[in-house]
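What follows is the residue order along each chain.
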Amino acid sequence: MEQIISIEDLSFKYNSRQILDSITFEVFEGAFYGVIGPNGAGKTTLLKNIMKLLTSSKGEIYINGSPLSNFTIPELSQKISYLKQEPLASDMEVFEYILMGRSPYMKNFQLYESKQDHDIAEKYIELLELEELVGKKLHELSGGEKQLVQLARNLTQETPIMLIDEPTSHLDISHQIQILNILHDINKEMNKTILLVLHDLNMAGEYCDQILLLKQGQVYCEGKPEEVLTYQNIEDTFDTWVIVKENPLSGKPYIIPVTRKMKKDNIEDV
Amino acid sequence: MNQKFVKTIIYSLIALIVLLLISLLGISVGAENIPLSTVIKTLFNIENSQLYEDIIINLRLPRVILGFAVGGALSISGLLLQGIFRNPLVEPFTIGISGGASVGISLLTLLNLENIIGFLSLPVSGFLGAILIILLVYKLGIKNNTFRITNILLIGVMISFISSSLVMFIMAISKSKDINTILFWLMGSLEESNLKLILITLFISIFGLIIAFVLSRKLNLFSLGEEEAKSLGLNVERIKRLVYLTASVLTGFCVAVSGVISFVGLIIPHFMRILLGKDNRLLVITSYLIGGAFLILSDTLARTVIAPLQLPVGVITGLIGGISFIYLLNRKNVNIFG
Chain A
34 MEQIISIEDL SFKYNSRQIL DSITFEVFEG AFYGVIGPNG AGKTTLLKNI
84 MKLLTSSKGE IYINGSPLSN FTIPELSQKI SYLKQEPLAS DMEVFEYILM
134 GRSPYMKNFQ LYESKQDHDI AEKYIELLEL EELVGKKLHE LSGGEKQLVQ
184 LARNLTQETP IMLIDEPTSH LDISHQIQIL NILHDINKEM NKTILLVLHD
234 LNMAGEYCDQ ILLLKQGQVY CEGKPEEVLT YQNIEDTFDT WVIVKENPLS
284 GKPYIIPVTR KMKKDNIEDV
Chain B
30 MNQKFVKTII YSLIALIVLL LISLLGISVG AENIPLSTVI KTLFNIENSQ
80 LYEDIIINLR LPRVILGFAV GGALSISGLL LQGIFRNPLV EPFTIGISGG
130 ASVGISLLTL LNLENIIGFL SLPVSGFLGA ILIILLVYKL GIKNNTFRIT
180 NILLIGVMIS FISSSLVMFI MAISKSKDIN TILFWLMGSL EESNLKLILI
230 TLFISIFGLI IAFVLSRKLN LFSLGEEEAK SLGLNVERIK RLVYLTASVL
280 TGFCVAVSGV ISFVGLIIPH FMRILLGKDN RLLVITSYLI GGAFLILSDT
330 LARTVIAPLQ LPVGVITGLI GGISFIYLLN RKNVNIFG
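Going down the list, the protein sequences come from chains A and B. When you read off a place in the first sequence, starting at 1, and then add 33, the result is the number in the working numbering. When you read off a place in the second sequence, starting at 1, and then add 29, the result is the number in the working numbering.
Chain B on its own, in the form it takes in the complex:
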């Protein structure tokens, strides 16, 4: 069997174990601490206690699943985008997608459309806003049949600025109750009560993982530059578009469901690159699993640090992600993208 394939499987299994352990921790810790043994027994339906079952099955498990789906999706979106942009600072939110979603949500709140559209109005309007921006950037990025990566980046950054201005404008003319709704959403959270929506997110996230894995070898060729990749038989234009659309639709969906959770898509791919090298075939699955684990861990901390108050999860991802990243970077003295 191919050595690299075996390596991918081994590291993916290790990442999976990390994910499972952190998930168990995430279910067990909270305002009410539940012993791990009880968690396992309840999950596997060996022992039933009505109180714990309610907390575990109805409250914490869905949250862990959402954390996994969103964390994984954001990580591979970052990995894909850093691959085609060949720029270490790109993350899913630098290309304007969250901006579009924020404007969508703010407009919805301002115009008070929630009551008209119904219970899924927040994610739906967020996703519509994101899709609008994705298509706009995509359209603006193509000239002479070439998908111009540098332009996409600049356009995306500009759109982020424009949308944050729009959001501030909307907030300035909103009622304070609405401002709270917008702010809460902007800060990102894994609190989502609709189980169906969580399962759809999980499904889309895993679908994204499969596409990313299939694209991973081609993404390796990109690291040689577009010309050399093309001379090695890669349909560069097609791959760029496919990667951009996959990553941005994944991100758009995540933002729509859980708000803006930044840093995951930036830090996790780098973190994994420092640990495992640059073969995207190895990085896709491991980044996905570790990204999921990281978001679950961050959310667990956000729920417990100053319980019963809950911090926005973005605060934690930014803090522990950023600090541990700088530490690792210095310790191994590595060059991320040289």
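Next up, chain A with everything else stripped away, as it sits in the complex:
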């Protein structure tokens, strides 16, 4: 296994606010790598730095061993795709949107996608079973459908690395599991490296091979789910009480939030 992304001492400032502070970590090829942390910990900023949408003030990011600055914008977009957090808001047609995933490969003066580009887009539409949606407009889709369409657009980009920012945040539990199952299959079957930000700690514990926990722009800890998702770590970073149990089916850590009422009633047990 090779390191596909390695980040050394990365810092990022927005105006005078320090968003990322000396972050160092590595992602190995084929990993399903989760980034968690409280709101404002710098998770999205981290992804945007890797995608070169933001430029760091200090430190370096390496992709396959070469510094990010060596990649032109089209080169980078053939290596890394980025699924943004904000849901789609456009009245473009679904197929047109998915086909745009081919634009990193199109020549400067090429105005129309080739037959091959169409075939690739159709392949992923079929894979995610979106055939019924292709004629619709993006804004007509439900939250779950939008997420799948965005995912199909990212797959059409055919990059070895996929950055995914909170893919499940607006979805109900069945759609959350659907999306994460698909991502899991993509990761295992197509050997894509997936770096994703997740809010749901249980989902992160269940699906990720490796987890990075951020707090106030710094790496709080990194490791396997059972190493990172301990009640101590979660209390320290999220500033809230939890109970961590073992999921009886998977053996992965399972987190139960402790409410104020529960604390009062059972304080001595916890």
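Don't read these hints as lab results, they were simulated from the structure. For every residue, glycine included, the Cβ atom is placed at its ideal position computed from N, Cα and C. Some hints could be false.
[What the hints assert, rightly or not] Below are the DSS-like pairs computed for lysine-lysine, each with C-alpha atoms no more than 30 Å apart in a straight line:
| hint | chain 1 | residue 1 | chain 2 | residue 2 |
| --- | --- | --- | --- | --- |
| 1 | A | 179 | B | 33 |
| 2 | B | 168 | A | 91 |
| 3 | A | 91 | B | 172 |
| 4 | B | 36 | A | 148 |
[Unchecked claim] Not close to chain A: a few residues of chain B, all C-beta gaps over 10 Å, as computed:
| hint | residue |
| --- | --- |
| 5 | 142 |
| 6 | 178 |
| 7 | 250 |
| 8 | 261 |
Given the coordinates of chain A, assemble chain B onto it according to the supplied hints.
Chain B in isolation, oriented as in the chain A frame:
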């Protein structure tokens, strides 16, 4: 062959036919109505009558060509700018270019430089004024290596206000003869006797069309937002600058030649979007052709409605453009930029 390419060709041909029909109409109608058959015969040199030939070849044809070049250029400038600004209310004149040109023309008239510079002094000084503003806005818009679109818009609007104040100031201290010159220019007109200038305008306008067409696919990516466009491999900064400069130089040139003809750049791209959807590859050529046709039609009306008096063409573009646009918007109940 690519389906979308075929679609582009078909719709462009339809637009071309509309343009040709309106051009023929524009040549045939006027203070002297000439039968269409005579127009066609004269244009193709089949039959010659000295009187008609003079009107057709020397008076109306150049005017139609200028209308086509200016209308087309303003339409695609609007289309390009609405694309990168992602704002439906942007048109070539909202970003200050016409303001710069107006100040240039007014100064020229006030200082009576016309006699010194010579016959092309009006378009030249208008263009210089426009270029000055384009460069100023461009310079002010860049900070930390980023071309900040929202700022450009605000700066442009402010510059428009400043220039209209300056123009009023200049008019206040001018002689009434000069005020007329300035006013006439401000209202926009396709009356231009210099055939060379008309051909240069046509050339620049078509050159702009080619650039716009090449940029059209990239402009589609912009509709996803700058970040997503960049993550799809688009050099967003470079495209923004290229689009801004193309659209503003085109506009600057049009204003210099024919004065301020507003509404074309705002309405035609929207009109075409309502009819054909939002694929810029399809919109660039069709908007260009229909924009040209629209301005020729407006000019024909301006010449004939209260003939022998001529209305400023801007009056007509504003009236028929605005009204038919509202009608279409309501009828199809569409969301232009959602």
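Hint by hint, here is what the structure shows:
1. A:179 - B:33: The hint holds at about 24 Å.
2. B:168 - A:91: holds (28 Å)
3. A:91 - B:172: The hint holds at about 20 Å.
4. B:36 - A:148: holds (16 Å)
5. 142: Label holds. Min Cβ-Cβ 43 Å, cutoff 10 Å.
6. 178: holds (16 Å)
7. 250: violated (6 Å)
8. 261: violated (5 Å)
Figure legend: structure checked against the earlier numbered hints; hints not met, in rising order: 7 and 8.
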